[in-house]
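Asker: These are the residues of each chain, in order.
2 protein chains.
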Amino acid sequence: MKSHDQLLNLLKRHPDQYVSGAMMSQELNVSRTAVWKQIRKLETAGYEIEASTKLGYRLLYSPDEINSERLAESHSTARFGQSIHYFEQVKSTQDSARALAESGAPEGTLVLAEEQTGGRGRMGRGWVSPQGKGIWMSMVMRPHVPIHCAPQLTLLTAVALCRSLRRLTELPIGIKWPNDLLIRGKKISGILLESAAEDERLKYIVAGVGISVNLSEGDYPEELLAKATSLRIEAGQPFSRSAIVAEFMQEWETLYDLFLQEGFNAIAALWESLSVSIGQKVRLVTPQGELEGTPVGLDESGAIRVERADGSLVTIFSAEMGEPLNRS
Amino acid sequence: MKSHDQLLNLLKRHPDQYVSGAMMSQELNVSRTAVWKQIRKLETAGYEIEASTKLGYRLLYSPDEINSERLAESHSTARFGQSIHYFEQVKSTQDSARALAESGAPEGTLVLAEEQTGGRGRMGRGWVSPQGKGIWMSMVMRPHVPIHCAPQLTLLTAVALCRSLRRLTELPIGIKWPNDLLIRGKKISGILLESAAEDERLKYIVAGVGISVNLSEGDYPEELLAKATSLRIEAGQPFSRSAIVAEFMQEWETLYDLFLQEGFNAIAALWESLSVSIGQKVRLVTPQGELEGTPVGLDESGAIRVERADGSLVTIFSAEMGEPLNRS
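Residue numbers (the UniProt record's numbering), protein chains in the order written: chain A, 1 to 328; chain B, 1 to 328.
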């Protein structure tokens with residue numbers, strides 16, 4: 001047994017209590033410095049340990065383990081998440097899943113990683129994805145729909161994730177157009193769909209999803225704390241990542257099959273009911289320039305219709321949406 | 001000087017005349033078998049040589065050479081074809097250009113190859129691309145337009161190619177929906193646009209274009225001759241590939257800039273005026289099933305509107321279009 005496993009057992013035998021460094025050093029028969037080094041290792045692996053010079057160490061949080069075999073069995077989907085590629089560490093689950101898609105991986109192939117060293121968000125931005133505390137995943141989709149439906153699948157993915165997270169956490173999670181999930185204005189999840197098409201036919205989509213599940217405030221850079229949060233911070237309790245993935249796969253496949261059979265209308269209605277963007281005046285930065293207006297709903301293609309001050313309606317396909325200008 | 005260069009010079013010194021095998025063997029001081037082997041090498045390189053047991057050998061056709069530096073200077077575009085990657089042989093120009101696009105190659109980067117060993121057409125089909133006789137090329141585009149505009153760029157590419165080839169060859173070239181070029185019902189060019197998108201934004205498009213310029217009937221497999229032809233077969237004369245590429249780059253960039261400034265309407269009108277599909281009753285195989293009808297025009301997204309026997313109109317985004325059912 002490795003010494004940091006022994007140390008972890010010692011901390012776990014004393015839930016919610018401090019264990020003194022002297023006692024640890026004695027029980028494990030190692031120096032105080034060695035104890036401190038093992039504590040650092042556990043922290044790197046996602047454990048949170050409070051250190052008090054007077055009282056010693058106290059275990060605050062243990063990451064839940066993801067067992068990819070048990071995970072695949074935990075949801076009764078036909079395709080989504082049935083083939084799981086699980087990594088301790090990758091550069092980006094998105095890059096791994098794209099390589100799998102290029103080499104013919106079937107629809108529903110899921111890449112999960114405990115840690116991303118080069119996680120990507122929208123528009124090439126970085127994404128904070130520390131070890132063991134979030135869900136960093138990408139899934140291959142192969143819908144037989146024309147290329148103009150790709151933005152509809154972006155909205156569908158946000159709806160599926162929002163509905164499954166609301167059900168599990170009971171937190172007031174809403175969707176900011178097109179596909180960020182927010183709690184009280186702070187981001188808890190980002191979604192990025194990368195599509196490959198041949199003429200008017202989609203070849204595949206790789207849907208990347210990052211969910212800040214059990215991150216604590218200390219996991220975020222100072223400047224992000226005003227804009228980002230986690231389920232654990234908001235609920236005051238950690239959540240099982242495996243349970244979230246299972247619930248999400250189930251909901252995602254259900255809505256996806258509904259979309260393929262019935263089209264986008266039902267998805268658009270669900271999106272609108274969960275959106276925090278509708279009715280909020282915002283500034284939009286589009287490739288053609290900036291404008292201010294109030295989103296009023298989706299059109300049948302998945303673009304957002306925005307009402308300007310003069311009452312005119314514009315349809316926006318692509319933009320960066322700013323903070324609400326008239327937050328109530 | 002290599003012996004096949006000497007042999008080529010000998011043939012070129014006798015235009016339209018037969019040179020006997022005995023004379024060649026004597027002049028080059030090699031065996032008759034060696035002469036025959038060199039002839040085979042020239043044929044592989046795109047030369048066409050008629051062999052007569054009585055009269056000897058006669059040079060019928062020499063491939064025009066492509067000089068990528070002179071080519072880039074021959075057209076006055078701002079971006080299209082200004083950076084040229086020229087290869088004697090590649091698996092597929094499309095794969096090479098995609099790799100360049102992924103690593104950040106600028107808009108207009110052009111990949112040209114004398115020969116493709118694994119040329120690809122629509123839906124993973126093969127593409128006949130022998131050495132020195134056609135234009136096998138792929139170009140990187142980075143338009144700042146939403147993903148649903150990708151099919152419009154497919155139609156734009158067909159219009160640009162059709163207009164430049166008609167101007168240079170004066171052949172009656174038409175466009176079969178969406179982007180095949182035909183002369184008298186036979187295919188002379190195929191176009192394949194592969195897009196990569198992030199959510200609703202196009203990251204890049206790689207436009208693959210194959211043009212059967214100087215192929216002779218002997219270059220096609222027997223079963224393709226009823227469906228495929230070349231500019232040379234149809235016009236009874238070869239054409240300069242460099243001149244075609246230069247003309248095409250010029251026209252393509254002009255229409256592309258028009259599209260970015262003014263939108264799709266003008267392009268749609270040009271496409272409709274060059275189309276051989278409009279007004280011709282056809283069978284269409286779509287992902288949802290088969291239907292028969294008569295294409296009547298494009299809608300504003302680039303999809304084709306088809307009138308059915310009962311007078312109803314359907315909009316088709318993606319389909320394989322069959323031969324005309326009522327060819328007049």
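Keep in mind the hints are simulated off the structure, nothing from the lab. There could be a bad hint or two in this list.
Copies of the same chain look alike in the list, so a pair counts if it fits in one copy or across any two.
[Stated by the list, open to error] In silico DSBU-like cross-links for lysine-lysine, where the CA-CA straight-line distance does not exceed 35 Å: (1) K203 - K176; (2) K281 - K41; (3) K187 - K176; (4) K41 - K203; (5) K91 - K203; (6) K37 - K176; (7) K54 - K12; (8) K187 - K203.
Small disclaimer: the values here were computed from a predicted structure and weren't measured.
Asker: All hints are to be evaluated individually against the structure, with a verdict given for each.
Answerer: Each hint, compared with the structure:
1. K203 - K176: both (28 Å within a copy, 22 Å between copies)
2. K281 - K41: neither (47 Å within a copy, 71 Å between copies)
3. K187 - K176: within (9 Å within a copy, 48 Å between copies)
4. K41 - K203: neither (43 Å within a copy, 40 Å between copies)
5. K91 - K203: both (24 Å within a copy, 20 Å between copies)
6. K37 - K176: neither (42 Å within a copy, 70 Å between copies)
7. K54 - K12: within (20 Å within a copy, 97 Å between copies)
8. K187 - K203: both (31 Å within a copy, 25 Å between copies)
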